[in-house]
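Now that you have both chains on their own, put them together as the hints suggest.
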Amino acid sequence: MLKILKYSCYDLLRSRWSYVYFLFYLLLGVVLLFLNNDLSKAVITLMNVIIILVPLIGTIFGVMYYYNSKEFTALLLAQPVKRSSIFLGQYLGVALSLSMSLIIGLGLPFVFYGLLESNTIWDFSLLLITGAFLTLIFTALAFNIALYNENKIKGFGYAILLWLFLAVIYDGLFLMSLIVFESYPLDTYSLVATMLNPIDLSRILILLKLDISALLGYTGAVFQKFFGTNLGVLLSTLVLSIWVILPMFNIYRKSKRKDF
Amino acid sequence: MITIKNLHKHFGKNKVISGVNLNISEGGVFAILGPNGSGKTTLIKCILGMVIPTMGKIYVRDTSIKNNWIYRRDIDYLPQIANFPSNLSVKELIKMIKDLRGKFCDETPLIERFQLESVLNSKLGTLSGGTKQKVNLLLTFMFDSPLIILDEPTSGLDPIALIRLKELIRQEKIKGKTIVITSHIMSFVEEMADEIVFLLGGQVYYKGTIDGLKKKTAQQDFEHAIATVLTKNYA
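Which chain is which? The protein sequence lines are A and B, in order.
Under the working numbering, the first residue of the first sequence carries the number 1, and numbering increases by one thereafter.
Under the working numbering, the first residue of the second sequence carries the number 1001, and numbering increases by one thereafter.
To be clear, the hints were calculated from the coordinates, so they are not data collected in a lab.
As the structure is a computational prediction, the values presented were derived from the model and not from experiment.
Among the hints, erroneous ones may be present.
[As the list claims (entries may be wrong)] Okay, derived cross-link-like pairs now, PhoX-like style, lysine-lysine, Cα gap no bigger than 25 Å in a straight line:
1) Lys3/A / Lys1232/B
2) Lys254/A / Lys1066/B
3) Lys1015/B / Lys1232/B
4) Lys1132/B / Lys70/A
5) Lys225/A / Lys70/A
6) Lys70/A / Lys1232/B
[Stated by the list, open to error] Some but not every residue of chain B turned toward chain A, in silico, with C-beta under 8 Å:
7) Ile1052
8) Gly1056
9) Lys1066
10) Ile1070
11) Pro1085
12) Met1096
[Stated by the list, open to error] Calculated Cβ distances over 12 Å to all of chain A for the following chain B residues:
13) Asn1068
14) Leu1078
15) Asp1194
Just so it is clear, CB atoms sit at the ideal spot from N, CA and C, and this is done for glycine as well.
One chain only, chain B, in its complex shape (with noise of 0.2 Å):
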């Protein structure tokens, strides 16, 4: 689905990402993990060609995504923040962004999943950061698309909606997606993912299932995996 080859990226002195080579398949469950400043998200937004690499390149489903934007098509994004524009509504957002992806979907089964009736009609401005997640959320899942980007989807959400979430990515991946996450929330990741990739300082630390990690650091419990890799390294 994702091929990375050598990626760097580098702003100004600061080397967020230095040579990153993976191959994400296709089907299931991908979670990225690795401390703050790790480069998670900078990796994300390269494959999303929002952040134009220093060298290397990417290609997603077998197409080179240099240049090109078409490809965006087929890939639902989550950003971290949810930045709306503040003066729009609920409603006139959903429908700006059906209509910029000029996309048939219907949103109504998404509205009734995370309770967000009630507001449609309201500012983007004026609802708390859990909605908002909400409505974030919402955006992503409306399109049926074979790949899915979530850059920490639970930030924010109050058990219910997480619990729904939950569900809903099983319901994509049983429908054969590609979903990639990122979480600092373990247990989530432990849950949900079927494959991991561990960043350190830019690098892929660790990829494999979290079966291995646990293995590979001697560890009972994928918590404490984590931490055995982090206080290894930077101690």
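This is chain A alone, in the form it adopts within the complex (with noise of 0.2 Å):
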């Protein structure tokens, strides 16, 4: 597996795509400071940023990168290679060049900013590990959906149809739930509903860790009184890795059964 996430990477350096996207994050965590001139500000920004739009590249990433590298597929089946290792491979040579590329970018400009010796540090480090476990999320979703379907267009369809469902539709949905339920008790209703949604889990992962109530909403709100703050980032990091898990087992699964 290691071999075949070494060329997967090797890749994706060649492709410039990473590039382009480590580039923009320097350039938003540029931006971002010159503009609040304030770590800890500019770290909330950040966030809005960072939930929005990490979920929405690893999806559009990995369907791509599944799609283009079909030949290359094709040719790795017919060695002695497994074929679990295969997507493994290619899965995680996607996700880390892009976790990479996420973390340099936004390191290197806050770093020069002077964040080693502020106490945001840890702050900044939470919102960049959300990232990446974003990053690993989305795009095993990703691979699971082009993994299901052959014909490209479908496949991107879907990818996108997934990131607008989680990251805009869902939060709608469950307003509006909490609106029609009003009078029953919603606590237990509202925890489940928003670790099955891992761009609403992250929110509240950095909100409680940041510690801006202000910010928290109901849900982050019936976290916070539940779990208190300790054991809620320990409690939303520990259902982001079954968010990670079970994709990545799904596409062991399904690539073992699938015809080429």
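Below, the structure is given as structure tokens:
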């Protein structure tokens, strides 16, 4: 698997896209710091960007890479290589190089701004870790979609829909359901509903750590009340890990049974 | 070498292979023939483990291929359509495949044989169809594996490359290797194959020597024998 991972990363590094992604984050970091002129404020703005943008880029990159490397996959399948290592290797190749671009691209400007001497370093690290988590989750989901759809256009369509649903529509539906059922106790329901959406979960995880109760919202408040800050952070990290492991397991399962 | 027992493969409602039993013995050239859509490529892909059979068992060198990948170390495969990652150069591709198989081999005689020296540094995306097929052949014959599977090896080759390919196949045969070929060029098959199997509608219609098929159909030459089989079954 490591060999496949190596070649996928190598392939991505040659394809220029990871540089574009890296430069984009570098620019974003510099602009945010310049506009906010304050580290902790920049971190909050960055959170909003990361939570929407990272999933989108992970999804698109994942689908695009899968369809683009079909020839490579076909070549590998006839070689004495385990099937699951081909797909998991390619997945990790994309997800890890995207995470690297994110971490280095955002990390550099903040480090130069004096992050290492400030108190926000932990908040910032958590932000980057969450970003990496979201990349891993959404690239895995994208790979799943691509594995199930031979048709590129369909695959792209479903992937974008998935992102739109989890990033925008889910919240709307959730809020509406809260209003409709407002006369019932909704604590457990909203906890579960939050955990079912990795984007919501990441938002709460970051806000819990930043300790900004004004931005927490209803679910965040329930989260804090239920689990306290530390347990809440721990629990949401755990659920995020499950969100990575389950789609990865399905890539493994599906790739074993697929015909090429 | 290869034993196939009661193999079935359905793609949805489309039954591509239904009940193939086949035994390919060690050594010699074995040709798989059949009209378009008779399941030749699917059969080969089943042997390679690229297509998972709906039912049935396949053994390569007496080991079941189900959930197994190590047996592919003994197989060199030439795919029907040469699809390569287009942003790699020929040299890089050779290096990569060597690294993946983890096997030592010397590709220079093959590069000379197919006159590929001039394109070694070109990107695969810029090569013509015939040159791609030559690279494809190079990658297949580079490793000295006991079983060689060639899916339409002649497609797109110029006459010189074709002659060299035939020489190469004869050489490998003398070394005692098993070579499985599919082809639509009957003269090529007649020249190379020791034994043929004829697939029709996903089943084995005939297995034996070319002379046997001529006798069975009462035809003088191989091409007409095949044509008789097809018209009889489709008329």
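Now the hints, each set against the structure:
| no. | hint | in the structure |
| --- | --- | --- |
| 1 | Lys3/A / Lys1232/B | 52 Å, violated |
| 2 | Lys254/A / Lys1066/B | 16 Å, holds |
| 3 | Lys1015/B / Lys1232/B | 21 Å, holds |
| 4 | Lys1132/B / Lys70/A | 17 Å, holds |
| 5 | Lys225/A / Lys70/A | 48 Å, violated |
| 6 | Lys70/A / Lys1232/B | 40 Å, violated |
| 7 | Ile1052 | 6 Å, holds |
| 8 | Gly1056 | 15 Å, violated |
| 9 | Lys1066 | 11 Å, violated |
| 10 | Ile1070 | 6 Å, holds |
| 11 | Pro1085 | 5 Å, holds |
| 12 | Met1096 | 6 Å, holds |
| 13 | Asn1068 | 10 Å, violated |
| 14 | Leu1078 | 9 Å, violated |
| 15 | Asp1194 | 24 Å, holds |
Figure legend: structure checked against the earlier numbered hints; hints not met, in rising order: 1, 5, 6, 8, 9, 13, 14.
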